[in-house]
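Peer 1: Letter by letter, the chains look like this.
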Amino acid sequence: MTSHPADMTKDLRDTDLDDPTLDGILARTWETPRGFYGWLATVDHKMVGRRYIVTAFVFLALAGLAALAMRLQLSVPENSLMGPDLYNQLFSMHGTTMMFLFAVPVMEAVAVYLVPLMVGTRNIAFPRLNAFSYWVYLFGGAMIWIAFAFNTGAENGWFSYVPLAGPEFSFGKRSDFWAQMVTFTEVSALAVAVSLIATIFKQRAPGMSLDRIPLFVWAMLVTSFAIMFAMPAVMISSTMLILDRLVGTQFFNPAEGGDPLLWQHLFWFFGHPEVYIIFIPATGMVSAIVPTFCQRPIFGYQALVLALIAIGFLSFGLWVHHMFATGLPQLGESFFTASSMLIAIPSGIQIFCWIATLWLGRPILKTPLLFVLGFIFTFVIGGLTGVMVASVPLDLQVHDTYFVVAHFHYVLIGGAVFPLLSAIYYWFPKISGRMLDERLGRWNFWLAVIGFNAAFFPMHLLGLEGMPRRVYTYPAASGWGEVNLFISLMSVVFAASFAVLGWNVVRSLRHGIVAGPNPWNAGTLEWAAPSPPPPYNFLRIPYASHREPLWNDRDSLPVVSGLRVDARELLSGSLAEATPELRESSVDNSIWPLLAAIATTAAFVGSIFTPSAVVWGGLLAAIPLIAWFWPKGNPEDEE
Amino acid sequence: MSGRAGNVRFVLVVSAPLGLTACNVWQSALDAHGQSAEAVLRQFYGFTALSAGIWLLVIFAMIGALRRRRSLAERLAAPLERRSRPEAFATIAVSTAIGLTAAILIGLTTWSFMTGRTLASLRGRETLTLLVTGDQWWWQVRYEDSQANRTFTTANEIHIPVGQPVKVKLESNDVIHSFWVPSLAGKEDLIPGHQNEIYLKAERPGVYRGQCAEFCGYQHAHMSFLVVADEIPDFEAWRSRQVATAASPTGEEAAAGQRVFLSRGCSICHTVRGTPAGGKVGPDLTHVASRKTVAAGTLPLSRGSLAAWIADPQAIKPGTNMPRVALDPDELNAVVAYVAGLQ
Amino acid sequence: MMRSAASTVLLAALLLTSGCEREKREFKSERAESGDRDEVALSSLSPGATPPQVATSGRAATFEGNAYHVAQGKRLFTWFNCNGCHAMGGGDSGPPLMDDKWIYGGTIENIVATIREGRPNGMPSFRGKIPDDQIWEIAAFVRSMGGNLSKNVAPQRNDDLNPFPAENRRPPSPPTTGGQPLPASRGTQ
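Chains as they are written, first to last, in the working numbering: chain C, 1 to 639; chain L, 1001 to 1343; chain R, 2001 to 2189.
Extracted from the complex, chain C is given alone in its bound form (with noise of 0.2 Å):
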């Protein structure tokens, strides 16, 4: 739609204006109001995408202040300081909100930011669904921090397995928020996962065939499909755990035919993927930084492409080995043994081709790479912990002790918190215009990767050594108290690596040496676009006549034209190829996503306290929808 229907009948193109005309024309068009209205109603994925990162960088904080609070808590044995009430609060919001408000989101968000500048468009796909998205997101996490703040935080852990999650178990309205946060998160990465996949089906650059999309995009893609696949699972079995509770139906009663193990695998089920939805794209940064920083492409495309690919089938087929202890019989347990394993192949392959590009191309030391290198040295010891824990007999032992905790913070802080680190620091100057500080970089990385590695190695020990996971306190008898001490000192100095980025952020955004568009002489689409890029992002779209355009093109780029530009409009393309089809209308700012959010919040929120929610809630979402959906009589995309 358009909002200028006097300018319907003009038809500007974009073919014979000269630049400045072009920037000016194309600003109006595309550009956010000014003003609080205007902050609401945008559509533009660079403001959504922004809030995105910050508001997962908030919830990061909290979490992280949870993770410090269970560290005091854990620093001596016997602590009197909090009762398990508090404590198994703590643990369940710092776990939950890692996992369904930080990890998940952020590498959404970094997307939302990044896949259309990335295949050269001017926007993202659906950008109302997306905004809708980020909004049904804020709302859900804001909703579990403030139930938290009230005493009724989730409690349960991050997996909230029945019964004790369930109606007997889980007194009063706990279980409930946690349930519902789970649904509000779900929907929104939904959201995200079918706005990105239409990107990068659709809005390719032309030229941009397969062949040629960045791994980033890549990356995304496989996660969008994994999210696709794997959240179903999850916002089913949050919907059957409400119903227990509230409606008083039977799926997890053993003893009127339902099964507590049918929890668990919904639950893993999706929480399986959910480890590589949030490794993927962390390993498409990887690959987007790696060849910038060594000036050269990646060593082994093809390969990688496949890699992520297995990666995301091979992760549907593992989501037994978190139930190795549940009695499931031994064949059963085998397979999931083997393929298990077999997942480490193409991560192994990810490395190698990483550990191949630096060979070949002699690295340059930047922040970013740093924190590749830092990656690569934590990451692979969770990949191979992984492998331990893959097979039966040593799960048995480790399962559920501060051994898994220990790893799966390798594969999740060093797999993903590591490279998301390195993105920052990385497209910082895409975002903001400015460099973020080199010496406080390096301060960042080496507190970054002595204080994780010191904190979180002793755990294998701790878990060899029997001390179980979800534990408030533990006997000074048992003989863990001096590991215990340590790592609680040096969580803090992995916690301090944190402020010391904050503190390079805000000095950066003021101070940071101006970036221009290009800085690290990079490759990708996103690098032709000036920083931060203009809310139309490039303006004449790109024409990628290689996998890094602006290395192939270094002069200047190749770009195609005749889009108009008195309305927004962007360019579809054919699914291989990317041959321009369709000149499409993308849609302006509206207002009606944030409504339709705040009205699936409010059905959402009611649901926690009465079945009835379901029905006056969905009527009441259908009225923003409606205005949404309103036609308005665009005219239809043209050839």
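Treat the hints with care, since some could be wrong.
Unchecked claim - Computed list of lysine to aspartate or glutamate pairs in EDC-like fashion (alpha-carbon distance at most 20 Å, straight line):
1. R:Lys2129 x L:Asp1330
2. L:Lys1169 x C:Asp259
3. L:Lys1280 x L:Glu1171
4. R:Lys2151 x L:Asp1312
5. C:Lys632 x C:Asp588
6. R:Lys2129 x L:Glu1171
7. L:Lys1280 x R:Asp2160
Just so you know, these hints were derived from the structure itself, not from any lab. Remember, predicted model here, so these are calculated numbers, not experimental data.
With chain C held as given, fit chains L and R onto it using these hints.
Peer 2: Only chains L and R this time, still in chain C's reference frame:
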């Protein structure tokens, strides 16, 4: 209030060394004394050594790459320039590494299956069968026998004969728990509506600590138990003592304690075989003083810890289902005397 | 406009703080020291039309508004074999507890007194056997059986056979007097 809590802590501090001497060591998978745990530990050491080697190779390769430098100008000049010989070498190196990875993984998987066979070899050879039921937050143990009069129930302490495979059937009364004695074997969950099983075979006599490994609510941290591996004659002697009904109280104080026990609500939840106390909610206390710990492995057994526990269970295990019964000091001392006499 | 906004905020705050009361896990009562030795007004035992004496101790909200206490009461109800006579509220050799008829009063204080002191025709006294807090928990649960607690506090279904809806799904039936002892014991009235 605070005085009581102080007492509890005092008891803890004083008895901590006792706790250490009572057990060989604290629970640890690295201190294997069971057939299963030993097999797993061997596999663990093998996997660890191999993993360490692989990790070192990867890190050396990475650091090696960093040592090769070229001038910045040279690099910026032509990022797309390809030099075919190093590329070909890298292809060979990466392919070799992938091949090796696959080979190593096949090896590790086979190794894992072999250990799995060792673990499964105990199946069906048991000479003793136990039924362990998980409750928030303690363990009920039932010794099964074909003769009904040799069947009995105890709690939180399991005795097994050394060198004999023992089958432990696992059930839960409330939420999911997990039965784990690291020194003897891996863990197995206790799931409502399911019956699981695990096999233990202790190679050496000793006291092995176990703990619940699946998060089960407020007192998950204090849901422990002991497995005592006795030589067969010792085990048989223990067993015949456990089968017997409770000792009658000796002395005036203990007799008064029994009256308090039966009249003040203790008996609503606890069974003492041979007396009218027949509650099924809490642990069977018939021979509670023969055990090494109180409150599911939380405190080493002594009169002091019994008193602290009975006086205020919520101070030691907040959230536990054992309530605080308002007893005056005489009543408390009497009950402790009685319970401490239930050998 | 401002006033309605302010009252909305106030209402929300009220809901949330009531959430606080509902969600508290009070493992250790502040009153634990006094135990069950507190003052009790022995009610005049007068079944029938005259309303029984109602003692208000102010503790009702602490237990009736707290999900943990009510849920504990539900467990204790079975553990202490209340269901042996009252079934799960439907009544057996003891009177039903889920209906609206109360012989000795249907407030939580009345029920606490009934459990603690016992009643003629079969209800034993649990004074000194069940700690005071637990009696209050059981009484709060008994109140929930008739749907007389907030649906957000009342227990949900058990992982057990569920012949009828859980307490949080029962329609409220406010207590009235006039419950009759069961026929078997009518002779002694």
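Peer 1: If you draw a straight line from the CA of lysine 632 of chain C to the CA of aspartate 588 of chain C, is it 20 Å or shorter?
Peer 2: holds (12 Å)
Peer 1: If you draw a straight line from the CA of lysine 2151 of chain R to the CA of aspartate 1312 of chain L, is it 20 Å or shorter?
Peer 2: violated (32 Å)
Peer 1: Do the alpha carbons of lysine 2129 of chain R and aspartate 1330 of chain L lie within 20 Å of each other, as the hint requires?
Peer 2: holds (17 Å)
Peer 1: Run the distance test for lysine 1169 of chain L versus aspartate 259 of chain C: straight-line Cα separation, threshold 20 Å.
Peer 2: holds (19 Å)
Peer 1: For a C-alpha distance cap of 20 Å, please report whether lysine 1280 of chain L and glutamate 1171 of chain L respect it.
Peer 2: holds (16 Å)
Peer 1: Would the hint linking lysine 2129 of chain R and glutamate 1171 of chain L be met if the CA-CA limit is 20 Å?
Peer 2: It is violated: about 30 Å lies between the C-alpha atoms, which goes past 20 Å.
Peer 1: Quick one, are lysine 1280 of chain L and aspartate 2160 of chain R close enough, alpha carbons at most 20 Å?
Peer 2: Given that 20 Å is the threshold and the Cα spacing comes to 18 Å, the pair holds.
Comparing the model with each numbered hint stated earlier shows that hints 4 and 6 do not hold.
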